[in-house]
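Chains as they are written, first to last, in our numbering: chain A, 1 to 154; chain B, 1 to 754.
Incorrect hints may appear among the rest.
With a Cα cut of at most 30 Å, we get these calculated DSBU-like pairs of lysine-lysine [as the list claims (entries may be wrong)]:
1) A/K67 to B/K211
2) A/K67 to B/K291
3) A/K143 to B/K197
4) A/K29 to B/K197
5) B/K289 to A/K29
6) B/K211 to A/K29
7) A/K143 to B/K211
Per the computed footprint, the stretches of chain A lying under chain B, defined by three or more beta-carbons under 8 Å from a beta-carbon of chain B, are [to be verified]:
8) 11 to 22
9) 49 to 58
10) 62 to 71
11) 105 to 111
12) 128 to 134
Negatives, chain B to chain A, calculated, CB over 10 Å [claimed, not checked]:
13) K142
14) S474
15) H559
16) M675
Read the hints as simulated data drawn from the structure, not as lab findings. Glycine included, every Cβ here is placed at the ideal spot set by N, Cα and C.
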Amino acid sequence: MQITVNGSAREIDVDEQMPLLWVLRDELKLTGTKFGCGGGYCGACTIHLDGRPTRACLTPASFAEGKQITTIEGLSENGDHPLQQAWIEHNVPQCGYCQSGQLMSAAALLATNASPSDSDIDGAMTGNLCRCGTYPRIKAAIKTAATADNGEEA
Amino acid sequence: MSTKQRIENIDRRRFLKLTGLAAGGLVLGASLPATQPAWAAEGDVAGDLNLFVTVHSDDTVSIVCHRSEMGQGIRTGLPQVVADELEADWRKVNVVQGLGDKRYGSQNTDGSRSIRRFYDTMRNMGASARTMLEQAAAQQWKVPAGECKAKNHAVEHGPSGRRLRFGELAAAAAEIPVPEEKSLRLKSSDQFNYIGKPVDTVDTPDMVVGKAQFGQDIHFDDMLIASIERAPVLGSSILELDDSDAREMKGVIAIERLDGGAEPPLFKPLSGVAILARNTWTALQARKKLKIQWSETAHHAHNSDDYLAALQRTIREPGKTITDHGDVEKAFAEAGDRHNATYTVPYLAHATMEPPAATARVSEDHCEIWGCVQDPQSVQQNVAGALGLKPEEVKVNVTLLGGGFGRKSKPDFVVEAALLARKMQRPVKVVWSREDDIRHDYYHAASVEHYEAGFDGDGKVSGWLQRAAFPSISGTFQAGVDHPSTSELDLGLSDMPFAVPNRRMETQRAEYHTRIGWLRSVSNIQNAFGVCSFADELAHHSGERPDRFLLNLIGPDRHIDPSQGDFEYGNYGEALEKFPVDTARLKNVLRRVATRADLDLRGDHSEGNGEGWGIAVHRSFLSYVGIATRVEVQNGELAIGEMHCVADVGLAVNPDRVHSQMEGAMIFGMSLALMGEIKMENGAVSNSNFHDYPLLRIHQSPPLSVEVLASDEPPAGVGEPGVPPVAPSITNAIFAATGKRIRELPINKHLKIG
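Same shape as in the complex, but just chain A (with noise of 0.2 Å):
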């Protein structure tokens, strides 16, 4: 089976039941992709297809064929997204874990929401736990990204 991830075209000799998730993982060694529930629950192997957030836990190999996958790893060239850069600038990571997962749900939103209120944030990020207590400074980074990104194209 061929799949895209980040741009490149990847040959993978598995079930094509197998999650996407253990494809990225044990696969292709793209393990920025969390494992933290298996069931959906938390978001930590959050990617995009498509560029649609996506729980890579839930999802089959196959069902992956001919679209596009994009990984924490693939995000930003040079690890320079808006949100990446806004991450550091609120030193929002504790254990860092759940943080792929949610820059992905984060990046997927700004893609299609500019500015979002505090309700957006929350409607798009409810998906995603951090146990650390990362919330507030998740929320703020958002903005901030929103707000550079708005800058940008203004």
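For this one, chain A is given, so just place chain B on it according to the hints.
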């Protein structure tokens, strides 16, 4: 026992051995992207100035962090202290994760003690290395050492203006005898460059691009993945196993049994059946095809609801007296007015975002581990014990931890990996699923506490009885323990700070039926919930505003020594002279946090609706934290409106990480107060994942504020002390809003959570 390290000079080979940098394969800890990893240059002449500091000829400095990083920022905080005393330039510092090695002193990253135990040591390490660099420069220039001063990563000779970079002095400095500790000249606080100042967190850049490496992320081409079906009930073992369907699955390499052995549980693996496969998905799928019949044990009758209901009855009966001041019976007999209440907290799970994981490679006389562990020396001991090796034959590489909270200081999951790697004769990574994590934790004890108070004729509290019942952590290490241990009472109960002349502390019988362990702030959770709730009840009972009532109840400024007779107060392992139980600091926090709240606001008590504020203040891990919470309750639905934290943690080495720990503690505290409950039925945990063991989500997370009080007191605990006052501040606020007193957690048993 002194925890100070002897400062010693180590040669390069030993440095490399300690830090694993020359071991090939994985290099953990190269995390500052702006700097060249110093070990990249082969043959680099380095000055290993002591156990923690190496200066390299390319001018970079390697500083060892020997404690585990799990989100508290310790890989920044400790090196920051060393770098400050060293006069190093932070941009030229590489943080290197120390391997498990007892020469570092305790590496058990637990008990909120990394900074408080190692602050002085780290300053000495930095100052010692700085002194050696200064002396090396003095020798080179043939001038008195007193004329040479390290500044900004170089040594300067004042009179002549000459200057040599640290890198230029590294080799010579390594030949200088290590200075005596008492000769070291430490900086005064106004000279600090980094201590108490904002310093970037070293691992953040890797975390935001998905490069940070956790225990779950370890990979070797020849490794197998193990997923283990474990005994659902404590002490249970395999009676019958039918693994024929699982064996038929493509990609399954082997199926192995693990034997849990007899109680106490210690850090032994539970009995189980391991599927070893080439990838995680296959291992997880094959596990579902196992048919296992488990043996019955005495714990099969355990049902957490029944257990707590029984404790709620027995807690009202006289227990075992631990401390007794004055005459409580007489005070109660003479009291004009009395009040009593019983508080219940269920079992709780750690639920770190990263489920436990460990990788092992085992040969005949050696084992190497890669894992998200809070205590690498405990890993060495337990793995060595299981394999019949010596602890020093077990090399432990500590990855980043995707959360710890106490779970990952129990190395049962590492022992599993070591045993399976030996059986398979190749590397094995044990991957715990979320279900494994929720069902096979070392749980925070389910607890019931009972309080009684009497008021004298003047309305002052004249008698106070507190009685605690919960299965002790000691039962995890010693079979037959059936009362809370005194060390658990020390966490917020024996050091209850109220000036009540007649007071008694008792424990009541409570047997263990599962593995009990320490969870962020440990028994402070139930002890603060009891003490801070009951004090609030007494305030309302006497019609006084809670903050004013509390100030009077705490009484005059003084240092408390809770020890009495055979009962010796532990004080988190610290001397009371250095870290007293200081009521002035507690009252200061109380006054500050009360200004954040409108404690006169009252909801409609007849309708059960309204808005209200609650406060709670608590000393734990030698720090003082107050929380003020505003809640809104409408039609049986609760929303937390806002929450404020005031913290006195002594000197805050890295203020931003102290803030973030307090923010995190509030959210951790809200999760446990609002929705945290592990249930056991027929001896087994009935929860399984985040749908039935929920955590607070972003839409439920209210605006938070944190005030960290400026202080010159010695640095105290930070990771845990924010948690205990959160739950009582919420239930106290609910009472103000509605007149409804919630004495049984979690709150979602009584109110819907918005």
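Each hint, compared with the structure:
1. A/K67 to B/K211: OK: A/K67 and B/K211 at ~24 Å, within 30 Å.
2. A/K67 to B/K291: Roughly 39 Å separates the two Cα atoms, so the pair is violated.
3. A/K143 to B/K197: holds, 25 Å
4. A/K29 to B/K197: The given pair, whose Cα atoms are some 38 Å apart, is violated under the 30 Å limit.
5. B/K289 to A/K29: Within the cut-off at roughly 27 Å; holds.
6. B/K211 to A/K29: holds, 11 Å
7. A/K143 to B/K211: holds, 24 Å
8. 11 to 22: This one holds; 5 residues, not fewer than the three required, reach chain B with a Cβ under 8 Å.
9. 49 to 58: violated (count 0)
10. 62 to 71: n = 1 at 8 Å, threshold three: violated.
11. 105 to 111: Per the Cβ count (0), the hint is violated.
12. 128 to 134: holds (count 7)
13. K142: Its Cβ never comes within 10 Å of chain A, the nearest being 47 Å, so this holds.
14. S474: Given that every Cβ of chain A is farther than 10 Å from that of B/S474, nearest at about 27 Å, it holds.
15. H559: holds, 33 Å
16. M675: holds, 12 Å
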